[in-house]
Each structure stands twice: as structure tokens, then as C-alpha cells.
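S.K.: Let's have the full structure, built from the sequences with the hints guiding it.
There are 2 protein chains.
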Amino acid sequence: MIVAEITLRSFTENIFLAMGCSIEHARLAADVLLKSDLRGIDSHGVARLTGYVRLWEKKRINTKPNITIVHETPTTATVDGDAGLGLVVAPYAMQVAIDKAERYGSGWVAVRNSNHFGIAGYHALMAVESDMIGFAMTNASPLVSPTYSSERLLGTNPMCYAFPAGKYPSLIVDMATSAAANGKLEIAQRLGKQVPEGWIQDKNGRATTDPHALKSGGSLLPLGGDTEHGSHKGFGLGATVDILSAVLSGANYGPWVPPFVAFLEPPTDPVGAGIGHFVGAMRVDGFRPVDEFKAHLDNWIERFKASATVEPNQKVIIPGEPETAAEKERKITGIPLVAAVVNDLNVLAEKFGVAKL
Amino acid sequence: MIVAEITLRSFTENIFLAMGCSIEHARLAADVLLKSDLRGIDSHGVARLTGYVRLWEKKRINTKPNITIVHETPTTATVDGDAGLGLVVAPYAMQVAIDKAERYGSGWVAVRNSNHFGIAGYHALMAVESDMIGFAMTNASPLVSPTYSSERLLGTNPMCYAFPAGKYPSLIVDMATSAAANGKLEIAQRLGKQVPEGWIQDKNGRATTDPHALKSGGSLLPLGGDTEHGSHKGFGLGATVDILSAVLSGANYGPWVPPFVAFLEPPTDPVGAGIGHFVGAMRVDGFRPVDEFKAHLDNWIERFKASATVEPNQKVIIPGEPETAAEKERKITGIPLVAAVVNDLNVLAEKFGVAKL
Numbered sequence: 001m002i003v004a005e006i007t008l009r010s011f012t013e014n015i016f017l018a019m020g021c022s023i024e025h026a027r028l029a030a031d032v033l034l035k036s037d038l039r040g041i042d043s044h045g046v047a048r049l050t051g052y053v054r055l056w057e058k059k060r061i062n063t064k065p066n067i068t069i070v071h072e073t074p075t076t077a078t079v080d081g082d083a084g085l086g087l088v089v090a091p092y093a094m095q096v097a098i099d100k101a102e103r104y105g106s107g108w109v110a111v112r113n114s115n116h117f118g119i120a121g122y123h124a125l126m127a128v129e130s131d132m133i134g135f136a137m138t139n140a141s142p143l144v145s146p147t148y149s150s151e152r153l154l155g156t157n158p159m160c161y162a163f164p165a166g167k168y169p170s171l172i173v174d175m176a177t178s179a180a181a182n183g184k185l186e187i188a189q190r191l192g193k194q195v196p197e198g199w200i201q202d203k204n205g206r207a208t209t210d211p212h213a214l215k216s217g218g219s220l221l222p223l224g225g226d227t228e229h230g231s232h233k234g235f236g237l238g239a240t241v242d243i244l245s246a247v248l249s250g251a252n253y254g255p256w257v258p259p260f261v262a263f264l265e266p267p268t269d270p271v272g273a274g275i276g277h278f279v280g281a282m283r284v285d286g287f288r289p290v291d292e293f294k295a296h297l298d299n300w301i302e303r304f305k306a307s308a309t310v311e312p313n314q315k316v317i318i319p320g321e322p323e324t325a326a327e328k329e330r331k332i333t334g335i336p337l338v339a340a341v342v343n344d345l346n347v348l349a350e351k352f353g354v355a356k357l
Numbered sequence: 001m002i003v004a005e006i007t008l009r010s011f012t013e014n015i016f017l018a019m020g021c022s023i024e025h026a027r028l029a030a031d032v033l034l035k036s037d038l039r040g041i042d043s044h045g046v047a048r049l050t051g052y053v054r055l056w057e058k059k060r061i062n063t064k065p066n067i068t069i070v071h072e073t074p075t076t077a078t079v080d081g082d083a084g085l086g087l088v089v090a091p092y093a094m095q096v097a098i099d100k101a102e103r104y105g106s107g108w109v110a111v112r113n114s115n116h117f118g119i120a121g122y123h124a125l126m127a128v129e130s131d132m133i134g135f136a137m138t139n140a141s142p143l144v145s146p147t148y149s150s151e152r153l154l155g156t157n158p159m160c161y162a163f164p165a166g167k168y169p170s171l172i173v174d175m176a177t178s179a180a181a182n183g184k185l186e187i188a189q190r191l192g193k194q195v196p197e198g199w200i201q202d203k204n205g206r207a208t209t210d211p212h213a214l215k216s217g218g219s220l221l222p223l224g225g226d227t228e229h230g231s232h233k234g235f236g237l238g239a240t241v242d243i244l245s246a247v248l249s250g251a252n253y254g255p256w257v258p259p260f261v262a263f264l265e266p267p268t269d270p271v272g273a274g275i276g277h278f279v280g281a282m283r284v285d286g287f288r289p290v291d292e293f294k295a296h297l298d299n300w301i302e303r304f305k306a307s308a309t310v311e312p313n314q315k316v317i318i319p320g321e322p323e324t325a326a327e328k329e330r331k332i333t334g335i336p337l338v339a340a341v342v343n344d345l346n347v348l349a350e351k352f353g354v355a356k357l
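Chains V and A, in that order, are what the protein sequence lines are. Take the first sequence: its letters are residues 1 to 357, numbered as in the numbering used here. Take the second sequence: its letters are residues 1 to 357, numbered as in the numbering used here.
Calculated directly from the structure, the hints in this document are not laboratory data. Careful, some of the hints might be misleading.
Note that the list lumps identical chains together, so a pair holds whenever it fits in one copy or between two copies.
To be verified - Dumping the calculated DSBU-like pairs for lysine-lysine here, alpha-carbon to alpha-carbon at most 35 Å:
#  : residue 1 : residue 2
1  : Lys64     : Lys203
2  : Lys294    : Lys305
3  : Lys184    : Lys305
4  : Lys184    : Lys203
5  : Lys356    : Lys331
6  : Lys184    : Lys315
7  : Lys59     : Lys305
8  : Lys193    : Lys315
9  : Lys184    : Lys167
10 : Lys167    : Lys59
11 : Lys315    : Lys35
12 : Lys58     : Lys167
13 : Lys203    : Lys193
14 : Lys59     : Lys351
M.R.: Given below as C-alpha cells:
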């Protein structure tokens, strides 16, 4: 089923309104989810709406949060999200960072007591609109084992860097610090296919290609996969995200991060509040004139796009390029939704008395 | 041969003095190299001294640089290294970042017209001493191919994050964004061993396990190794380092980065000046009280160290832990140098009329 952006947006806003969000928050939360669907990152868009609703039903999401700055210097701050949707807490924090950068050159905000914030790219891109470099990261439900470990101690902990270009779209590096995203496992499960070695391990920490291993106590592996291929680097990146997002902000970290799924209870011995994010912005003209930077980034992009490739018909892909292309297309052609997602959304519609898709 | 720290330090200082460095710069440059040798990162210490000398002989390193801030806001700056040793330019830039952070909460410095800066960890750790979080990255000679490419367009572009802990040593993530470091290939070459798939490709971009492939036009692969294992993430990280270090500062980027080896000439069509770095510092107490942060980071470290492991005798390694242990030991027992390095250093001693090791 293909749904026009405007239809899906209004549907999503209505669900958030029905959950008790203000009009402003409902619009913002829907905008974050729609951005993901438009950019082709189907796993992080409206497909997650039911998940947010379930957490709200469990009273783990507060749809009327009083988001506050609890600590700050001219260029740093810690924000308490009051258990709000990460979809509204993270943009609030990013705006604080942008305002600080406007005034002092850079701004950095650690966030605690939040929830899943959608795609990191949404928040980092907010800075790009003001000719700033944007940073966004978040910790997440523990699914990843550190190198040598058989326990799930880290989330897929994404990090995102966004840079404004001139004639080309913004260059956006937005990546989980695990070898593979959970969404890719789910696809393999549905198709009954094995996954490559280096994505997951079983509950004893042994390499496996069975995509169902995660459900029976296994774990995702850090980027790099195994020690021979640098999994300690993926672990180090995931650790960095966890520490900046949660140890710095006062959120839960490591195995204490509350799970995104409502059927799993959060740990009873929290070490902080909710999940944590870390966002930042730096003015490009704090370093060199914006037009110079953009001209050189355009040159960088052109040189990499023109690179000789292994297969003549496979060009080098600039980070963010496929997502920007998807966004351009889907704004016109609409957003394709698989039947299971449409069904889930219509169950929500019925629950809240909202018009079905 | 095992050399006492004090002996190797004084030897190294004398070489830098003989190259025309000021006493202050010679001490600092030697300190950066010694830190690497002490921490067990043998590839980046005095083993590189001959390389610096050769670049100086080619007039590509200026041992009397006038390092200046060419652009700044309260919390950002661009530094021109005047073709100086990165070993002295990067600490200068880091001090600028720390001073800005002292006053405004955070400080960020992009550096152009510099050279190889040793280990990223040295610079990031400068911030930790002031209870700040330290960041350091640099671009480097092009040896790495982006995903799908058969050309060398990026360096091993390391990134480093350093965090001050309480009762434990600082947690330091210091990693090349390639799957394997060049030093590991050299070891395999010496031993006549094959390397794992996913480290390198040949000049046509085909997977190979021959460690000599790099010398015959092949390239290193980004962290992740291949598309199935997330090499686009390693490419994205390498790109981020390149853009922050060079597109932002006005240094050379991508394939225009001047090679570290003196026998290869720099490109004749530079897009900037020298190589680039990017360093930063954020005050921990810009986010939460330092003692709270350290107590939680200690707890993080304890939980990860206590993790159940795949092999009972192999514990989870906290990032930076082996290097800190090596430093503690080598400060007492001395620094082991392989015969080839001792020989190279004594050739330098003879050249400069300095006492041999």
C-alpha cells in the first residue's frame, strides 16, 4: 500500500494527539517519524508507532512532559526529558545546542530521562539548516555484546554527523555502531534466510548464522564483527555513545537502559533516568567562511563520486545520498507500507477512534 | 634491546634539537613519541623518527613553525601549523581548545598545514587532565578505499575519545577507521603470513589475503571490511574525520593528503595546506558534577569488566586498558625496541652527531 505523505502525516499526528500530546508535540513527533519513512528508513518511521503507544500505555512515556535544562554553561547543557517522547525531547535539546552555537560557536547537550528518538539524522540535520555541523547520538536497549562478552550490554547506539554541502545534498553519516541493525535480522527471519557470520552470536557467544539466535538469548556483534576484523573498534564506538549519552547526562547506561519493547520491564535497579542522547552543533563559520567550506565539500563529494570502482556499474555512494534520493522521490510518489504495518496502524486507528488509512 | 624511558627520551629530544627544533618543541615532540612507545603502540613512537627526519630533509616539515590562530569564535578556532611537526602543532591546538572550554564549557579547533601528529590519544588525554572529555582526530596519507572503490582515497583516519574516570584509568577509545592498521600488515609481511579477508583488496578491488597487495597498488578496507559487514560505516567514519580535519580547516583532504613517506611526492594540485587535525575538549562539569560522572563511569567500567565472557579466561577489555597497563610497566622496565628500529635510530645518531643508543 502506498500512502501520500500528507495522509500519513495527518494520521500520525492524530494518533499522537489521541495519546495526549499537545498539537505542537504531535506535529513534531509525526515529523520525525515521517522524515524516516520519507528517507527510506522504514524501520524507524510509522512502523514504530505501535511501540510508542505500548510504552505510553505502560506509563513509560509521558505525553505531557515538562522538558527542562537542569545544568548549563554558555556552550553545554543537560536536559531532562521528563520521560517524554524522544521524538520531541531530542529536537528540544538540539535547539538548545543550536542557540548556544549561534552565540558562542558551538553547543553541546546531553539528555537524560528520554525515550527512543527516531532517526539520529533528523536531529543532526536541524543544525545543517543553519549552516552548522550537526551531531546526534543515543543509547538504546541492550542487544550488543562487547568483544569477548556473551552478555548484551550495549544498544545498537547510533552516531550521526551531518555536514552542509553547496550544490549537493548534505553529507550525512548516520550509523548504528553494531555490525548489522536489528531490522536486517528481522528481514532474514521473515525470509527464512541465514545471515552472514559476524552479525550475531548465540547465547554462549558462539558465532552463528541463524537469525533467530537473537531471540533465544544471543546478541548482536559490534561493528567489525570479530576481534580479527576490529570488533573492539565497534565496541569502543558503542561505548563512546553510551558514555556521552548517559554517563554524562545521568541517564541509564549499559545493561540498565530500559528496553524499547513494552513487554520487557525496565531493570528494577536503575542507575539513572530513562535513556540518554547527546547532540551538538558547531557553526561552520566558526572555522572558515561557509561558502569556502561548501565549495570544498562539493569538491570532496565530486572526487569520491568520480572514483574508479570495482564494478563499473556500481558507483561510490556518498553517505546520506540514497536517503536524500528516497526523500525526493517519496515526497512525490508517496510512502510504501507493508501490509503488517498498515494493519498495525489501523488497529491503532480503531483504538483511538481515528480515521483508518 | 630494552631502553630506559629516560635514555630514549633524551636521545629523541637530541634528534629533534639537531633538526632545529626549539628546546620546548623538542621536549614536546619527544614526549608525544615516548607516550606512544610507553603505551605499547610501537608503530607510532620512535620507530617513526626516521620518517620525520626524511620529511624534514625534503623541506616538508618546518622545525621552526610560527603556529597561529587564523580564525576564531569564543569556542571554535582554526589553527595554521605553518608546516610544523604535528607532534607540536596538535598539542598547541588542544591547549587552545582546553582554554576555550575552561571559559565557555567547550572548545573545538580545526588544524591545517600540519604533519603527522603521533597517537591521537596523547592529545585527547591532555583534556582529561583538566577533568574534560578529550577528542582528537586526524586525516592521513591515502591508503583506504571507500566501499565499492578501487582507489585509495582516505587515510586510516583515526578518531579518539578520552574520558576521565575515578578509581580506574581514563577510558580511551583510540582507533583507526580502517579494518586493520598498516602496522599489522607489515608484521604479516615480515612473518610471511597471509592476512584475514576483509583487511585489504588488490589493485583491482578484489579481496585478497596477500599482505604485499598494498605495495602493488592495493588498498586497505574501511572498518567493516565488506558491504555485508558494514564497510560503508567505516567509510562514513573515515569521511567524517577527513571532513572535520581538512574540509573544515583548509587542509588537504582525500587523495590530496600529502603522503607521510618522503619518497612519494605530495600531489602537485593541492586543495589545501598540509594535513589536517580536529581536536576538542568539553568540561565534564558543563553537564554534571565531576565526582558524579566519575563514580558512574567507574560503575560502567566495573559492570563491563565483570561481564560473562565467551572464554572464561578472556575478560572484556575496557578501551585503553592494555595501553595504560603497558605504560605503567614500561615506565619501570623500559621500552623494548626491535633491532631494525635500534639500527635506524643509530643511523640518525651518526648523521646528527648524537650519542648512539
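S.K.: Evaluate each hint against the coordinates.
M.R.: Here's how the hints hold up against the structure:
no.	hint	in the structure
1	Lys64 - Lys203	neither (39 Å within a copy, 58 Å between copies)
2	Lys294 - Lys305	within (16 Å within a copy, 44 Å between copies)
3	Lys184 - Lys305	both (27 Å within a copy, 30 Å between copies)
4	Lys184 - Lys203	both (19 Å within a copy, 31 Å between copies)
5	Lys356 - Lys331	within (21 Å within a copy, 70 Å between copies)
6	Lys184 - Lys315	both (23 Å within a copy, 29 Å between copies)
7	Lys59 - Lys305	between (48 Å within a copy, 33 Å between copies)
8	Lys193 - Lys315	both (28 Å within a copy, 33 Å between copies)
9	Lys184 - Lys167	within (33 Å within a copy, 40 Å between copies)
10	Lys167 - Lys59	neither (46 Å within a copy, 37 Å between copies)
11	Lys315 - Lys35	within (26 Å within a copy, 42 Å between copies)
12	Lys58 - Lys167	neither (47 Å within a copy, 38 Å between copies)
13	Lys203 - Lys193	both (20 Å within a copy, 33 Å between copies)
14	Lys59 - Lys351	within (17 Å within a copy, 74 Å between copies)
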